[in-house]
Amino acid sequence: MQPAIFAQGIGKGFRTGLWGPVKQVLRQVDLTVAPGAIFGVLGPNGAGKTTLISILATLLLPDTGRAEVLGLDVVRQAAALKARINLAASGAHFLWCMTVTDSLRFYGRLYGLGGRALTDKVEKLLDLFGLAEHRTVTFERLSTGLKQRLALAKALINDPELLFLDEPTSGLDQEMAHLIRQEIVRLNRETGVTMLLTTHNLREAEMLCTEVAFLKGGQLISEGRIPDLQRRLGLGDHLSLVFQDSPAPLDYDRLPGVLRHTVQESRVDLVLDRVDERLPAILEAVYVTGTKLAKVVVKPVDLEEIYHEITH
Amino acid sequence: MKLRTNLNKIWAFSTRSALVNRRNVFAIFEMVFWPLIGVFSVGLLTRFLSLEGETVAFILIGAVSMNTIQIAQLDLSYALLYSVWSKSLKHEFIAPVRLSHILVGSGLVGLVRGLVVFVLMGGLSVYFFDMDLGRPGLAGLSLFLLGLFLNAAIIGALVLALVLRFGQRAEVAAWAFSYLMLLLCGLYYPVSVLPRGAQFLAQLIPLTYFLDYFRHFYGFPLASMHPLLYGFSQTVVYLFISYGLVCLTLKSAYRRGTLLRLSD
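Line by line, the protein sequences give chains A and B. Just so it is clear: in the first sequence, position 72 is 72 by the numbering used here, and no numbers are missing. Just so it is clear: in the second sequence, position 70 is 382 by the numbering used here, and no numbers are missing.
Note that these hints are calculated values from the structure, not bench results. Please note: incorrect hints may appear among the correct ones.
[Unchecked claim] Footprint (simulated), chain A over chain B, 3 or more residues, beta carbon under 8 Å:
| hint | segment |
| --- | --- |
| 1 | 374-380 |
| 2 | 556-570 |
[Stated by the list, open to error] Under the rule of at most 20 Å between Cα atoms (straight-line distance), these lysine to aspartate or glutamate pairs were calculated in the EDC-like manner:
| hint | chain 1 | residue 1 | chain 2 | residue 2 |
| --- | --- | --- | --- | --- |
| 3 | B | K399 | A | E190 |
| 4 | A | K216 | A | E140 |
| 5 | B | K563 | A | D159 |
| 6 | A | K147 | B | D576 |
| 7 | A | K292 | A | D251 |
| 8 | A | K292 | A | E309 |
| 9 | A | K124 | A | D63 |
| 10 | A | K295 | A | D276 |
| 11 | A | K147 | A | E175 |
| 12 | B | K399 | A | E167 |
| 13 | A | K216 | A | D269 |
| 14 | B | K563 | A | E123 |
| 15 | A | K299 | A | D269 |
| 16 | A | K292 | A | E304 |
| 17 | A | K216 | A | D73 |
| 18 | A | K121 | A | E140 |
| 19 | B | K314 | A | D159 |
| 20 | A | K147 | A | E167 |
Note that CB positions come from ideal geometry on N, CA and C, so glycine has one too.
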C-alpha cells in the first residue's frame, strides 16, 4: 500500500540576517506514515516540528531530500497536492472582521467551491463543530475555544485526505482540549483521514496517535508504534506489589517478563515487558508462597518515559 | 468546471476585500473623505488664484487622478496585508490558489472603488468648479481611466512583492510608491517645470503620458507625439515586470519561510 507520507533525507536551514550563518533546523529526516494513521511528531520547542510539517504541507521548500504526500511530490506537484490536504494550527488566526460563516465561505471558495455545494458544506461544518449559533459572530469576538473549533472546521472544508494538525490544542483549557481531541479521533474513525500531528504534549500524543516520531535538534531520533518503541528501548510497564508484611520470598528477576526489580520494605517494584500478559503468572507465584498482598499497582509505560529515554 | 472553480477562487478574494471595506468605517472614510478634501482644497485654491477654466481643469485632473489611483491600488496592495495582519497567510497559501486569483480578485474591488472615487470627484468638479469632464468624449475618458487603473495595478503588484519580502513594514510603501510616482509625473504642473533629471524619470512613468493625453483635450499641447502608445507600451512592460517580481518573491518566500514567519 502506498504510504500517505513518504519523506527521505529532508533538510532545511534558515539564514540569520542577510549574510549571517545558516542555522540548520532539519537534518536528513526520513519519515513514512501509513494511510489512515494519526501520526504524532513529538519534540521540544525548536526541534523542527513545525518546519517539517510546513514542508510536507507545501508551505516551505526543503533544501535537501524529497517528500511525497498522497503520492504527489511536495515541490513539483504542490498545486495538485494542495487541493487534497489542509491544515489546522494552534492559536487559530483568521481575518478579524469576518464572521464564522464568512470565514468558512472564504476558505471554501479558495478550494473552488461555490453555490449550493459551498452553502451545504458550510452548514454541515457549522453543525458538526457546534458553531451554528455563532455563525454571525466576527472572528475577533470568538472565544479561544470557538476559534480553534473554527480552525478545525476550516481544515475540513475541502474534505482533505490528509490533515496537518500543528499543536491543535495548544493554549486551550483542559475541557476544550479534551473536546478537540475527541473530535480529532472521531474524524479519523469516521472519515479515515490521515493526520499528522505535532505536539509537545505527550499525554495528548498517547491518547491520539497510533504512531509517533521523535525530533530533536532537527533530527528524527526514533519512530514507530508506542509498544514497539517501548520494546526497542527496553522500557517496561511498572508493577508494584505492596505486601501486608515482608515481601514474598521469590527470585523476582527469574519471574517471566521481569526486566528488573527493586525492593523497598514491604514493597516490590517490578519492571515488566508486558504487564497485561505477565500479571496472572506473577500473582500466582506470589500466591503459592502464601504471602499476603495489601495492594497491587499497575502502571503501563507512558510516552513520557519513552520521550525521556530517547531525548536524554 | 475548471473555469467555475477559478472564478470561485477569484470571487473569494473579491468578497473578502469587499467585506473588509464594508465593515471598516475607515475604508469608507478614505473613499469619501479624502477625495472630498482633495477636490475642494484644490478647487478652492484655483478659485482663489482666479485661474482660467482650462488651467482649473488641468489641476483638477491631477487631483482626481491621484485619488483614483490611490484608492484603486489599495485593495491590491492590501490583498496580502489583510492576511499578514490577521496572521492567516499560511491558510491562504496552503489552498490551491494562484497569484492571479489574488491579483484579479482584489484588483476588481480596487477597480470598483477607484471608479466610485473618480465619479464622485469628477461630479463634484463639474458641479462646483465648472469642469467639463465630458469634453474628451467617452472613448477619451475610458482610455484615460484604463490607464489610471493599470497604473494602480502596477503599484499594487509592486507593494505585494514588498509585502512578501518584508512583511508588514511594506505597508508604508503602499502610500509612498504612489506619492513618488505622482510627484514625478506632473500631477499639478507640466512635467516641463521639473528639473532635467526628474523629467527623464517622468518619461519612464506611464501615468505621465495618460495625463498628457487627457489634458490635451483641454487645450494643452501634447508633450509627446503618441502618448497612448507610449503609456500603454510602458504599462504592459511594467505589468509583466511587477507580476514577475511578485512571482519571484513568492518563490523566495516559500524558500525562506516568510509565509510561516508572517503567520506567527
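Checked hints:
{"no.": "1", "hint": "374-380", "in the structure": "violated (count 0)"}
{"no.": "2", "hint": "556-570", "in the structure": "holds (count 4)"}
{"no.": "3", "hint": "K399(B) with E190(A)", "in the structure": "violated, 31 Å"}
{"no.": "4", "hint": "K216(A) with E140(A)", "in the structure": "violated, 36 Å"}
{"no.": "5", "hint": "K563(B) with D159(A)", "in the structure": "violated, 27 Å"}
{"no.": "6", "hint": "K147(A) with D576(B)", "in the structure": "holds, 16 Å"}
{"no.": "7", "hint": "K292(A) with D251(A)", "in the structure": "holds, 17 Å"}
{"no.": "8", "hint": "K292(A) with E309(A)", "in the structure": "violated, 35 Å"}
{"no.": "9", "hint": "K124(A) with D63(A)", "in the structure": "violated, 40 Å"}
{"no.": "10", "hint": "K295(A) with D276(A)", "in the structure": "holds, 17 Å"}
{"no.": "11", "hint": "K147(A) with E175(A)", "in the structure": "holds, 15 Å"}
{"no.": "12", "hint": "K399(B) with E167(A)", "in the structure": "holds, 16 Å"}
{"no.": "13", "hint": "K216(A) with D269(A)", "in the structure": "violated, 31 Å"}
{"no.": "14", "hint": "K563(B) with E123(A)", "in the structure": "violated, 36 Å"}
{"no.": "15", "hint": "K299(A) with D269(A)", "in the structure": "holds, 11 Å"}
{"no.": "16", "hint": "K292(A) with E304(A)", "in the structure": "violated, 33 Å"}
{"no.": "17", "hint": "K216(A) with D73(A)", "in the structure": "violated, 25 Å"}
{"no.": "18", "hint": "K121(A) with E140(A)", "in the structure": "violated, 23 Å"}
{"no.": "19", "hint": "K314(B) with D159(A)", "in the structure": "holds, 18 Å"}
{"no.": "20", "hint": "K147(A) with E167(A)", "in the structure": "holds, 14 Å"}
In this structure, the hints that do not hold are numbers 1, 3, 4, 5, 8, 9, 13, 14, 16, 17 and 18, in rising order.
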